[in-house]
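Trainee: Sequence:
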Amino acid sequence: MNKKAVLAVVLLLSLLITGVAFSEEAKLKAGFIYVGPIGDLGWSHAHEQARQVLEEVYPWLDTIYVEAVPEGEVEGIIDRLINQEKVDIVVTTSFGFMDGTLNAAKRYPDKIFFHCSGFKRAPNLATYMADFHQVYYLNGIMAGALTKSGKIGYVGTFPTPELKRHINAFTLGVRRVNPQAEVNVRWLQSAWYDPQGAKEAAEALIAEGIDVLAFTEDSASVAQVAEEKGLPSFGHYSPMLSYAPNHLVSGQLVHWEAIYLDFFAKVYAGLYNNENLENVDYWWLLSNGAVELGADFGVPVNPAFEEALKSYMVNDPVYGEMSAYDLVFELEKAMADPEYAFSPFTGPIKDRKGNLLVPSSVRLALEDLITMEWAAEGVAGPWPGEPE
44 MNKKAVLAVV LLLSLLITGV AFSEEAKLKA GFIYVGPIGD LGWSHAHEQA RQVLEEVYPW
104 LDTIYVEAVP EGEVEGIIDR LINQEKVDIV VTTSFGFMDG TLNAAKRYPD KIFFHCSGFK
164 RAPNLATYMA DFHQVYYLNG IMAGALTKSG KIGYVGTFPT PELKRHINAF TLGVRRVNPQ
224 AEVNVRWLQS AWYDPQGAKE AAEALIAEGI DVLAFTEDSA SVAQVAEEKG LPSFGHYSPM
284 LSYAPNHLVS GQLVHWEAIY LDFFAKVYAG LYNNENLENV DYWWLLSNGA VELGADFGVP
344 VNPAFEEALK SYMVNDPVYG EMSAYDLVFE LEKAMADPEY AFSPFTGPIK DRKGNLLVPS
404 SVRLALEDLI TMEWAAEGVA GPWPGEPE
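Numbered per our numbering, the sequence shown spans residues 44 to 431.
In case anyone wonders, no lab produced these hints; they're calculated from the structure. Among the hints, erroneous ones may be present.
[Said to hold, decoys possible] Capping the alpha-carbon separation at 30 Å, the derived lysine-lysine pairs in DSS-like fashion look like this:
1) K191 to K353
2) K70 to K163
3) K163 to K72
4) K149 to K191
5) K149 to K272
6) K149 to K309
Kindly produce the complete structure, drawing on both the sequences and the hints.
Mentor: Shown next as structure tokens:
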């Protein structure tokens with residue numbers, strides 16, 4: 044039995060001990076809706092891996108999935124899952140599914156809905172997110188240490204608040220160790236999974252002089268381009284070290300199963316139901332074990348880059364003189380500690396127009412993080428929706 048399974052059993056036992064009554068139904072059935080194909084190497088693939096863990100751990104749960112669903116068609120898919128497949132719980136896994144999920148929750152008040160990355164809830168609709176802003180900040184520190192030109196490239200899909208939050212966190216990390224460096228953003232605005240578009244965007248950024256690459260797109264294309272060109276890159280959502288063994292530095296890895304195991308156990312136990320979810324919002328980070336720094340699971344930094352990161356010395360305002368490598372792990376420890384939980388979005392922070400947005404010692408609240416539209420100092424390139 045793996046660690047996640049053990050934790051799930053412990054949770055169920057604790058619910059029994061505290062007197063929570065289990066549902067009389069012998070089985071639950073859940074339907075998962077993915078915005079991309081499960082064969083991608085990012086977002087949808089990671090959710091699918093977590094769904095498989097659920098089925099492995101919980102014998103009382105049956106699950107099905109629908110992949111590659113356009114965001115405007117989610118309500119029809121929900122109708123089919125409920126009326127034909129007879130699911131009890133619907134899990135929608137894209138920000139763009141938010142309004143459709145809310146509409147469906149109102150039409151089916153006896154069902155339970157669980158929506159990823161959104162902020163609209165209802166009595167039978169909870170929300171969740173395993174957010175990467177902490178890990179992006181750590182990767183930004185490494186990118187800032189490794190760039191020689193001071194120009195880092197970032198390929199993004201759609202300019203949602205989530206991506207803007209992550210790019211800003213990454214840029215703040217870059218500027219912590221390299222105050223003059225810039226993060227040049229190129230948006231695809233085509234699809235979350237667009238290998239060819241990502242490849243072309245990465246090549247265009249390289250032609251403009253960038254020498255480090257990061258991205259939010261659900262394939263390994265950007266990492267593969269960087270590998271071919273001999274440039275450092277950072278993976279996204281899934282382990283990508285095998286696609287760029289010589290030049291992938293690190294990345295963001297997710298453990299959606301940590302959230303799913305908790306939520307579904309509480310539904311099965313009767314703690315969560317179709318009338319009490321309006322204030323249920325999972326916002327799980329490093330301290331919850333929902334995300335991980337790494338080029339692969341258990342490989343936080345590719346050994347090929349350890350020497351370069353250890354030789355890049357910084358005079359940090361908090362930790363004093365140390366290497367970028369050591370700074371990454373000091374900050375990871377601080378962010379994973381629930382009693383301290385250092386936030387990358389602690390002031391002073393200016394936007395790229397020079398406005399002081401976050402005063403010294405002030406930490407942005409969750410509401411500010413999930414609705415973020417501004418671009419941090421150091422971000423270059425187009426930024427749709429940027430405040431005037």
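Trainee: Would you mind marking each hint as holding or not holding in the structure?
Mentor: Taking the hints in turn, this is what the structure says about them:
Our distance criterion of 30 Å between C-alpha atoms is met by K191 and K353, whose separation comes to about 16 Å. At most 30 Å may separate the alpha-carbon atoms for a hinted pair to count; K70 and K163 meet this at roughly 28 Å. Distance restraint check for K163 and K72: the Cα-Cα separation of roughly 23 Å lies within the 30 Å cut-off, and the hinted pair is therefore satisfied. The hinted pair formed by K149 and K191 fails the criterion: a straight-line CA distance of about 54 Å is larger than 30 Å.
Proposed proximity of K149 and K272 is contradicted: the alpha carbons are some 51 Å apart, above 30 Å. In summary, the hint linking K149 to K309 is supported, as the alpha carbons are separated by about 22 Å, within the 30 Å threshold.
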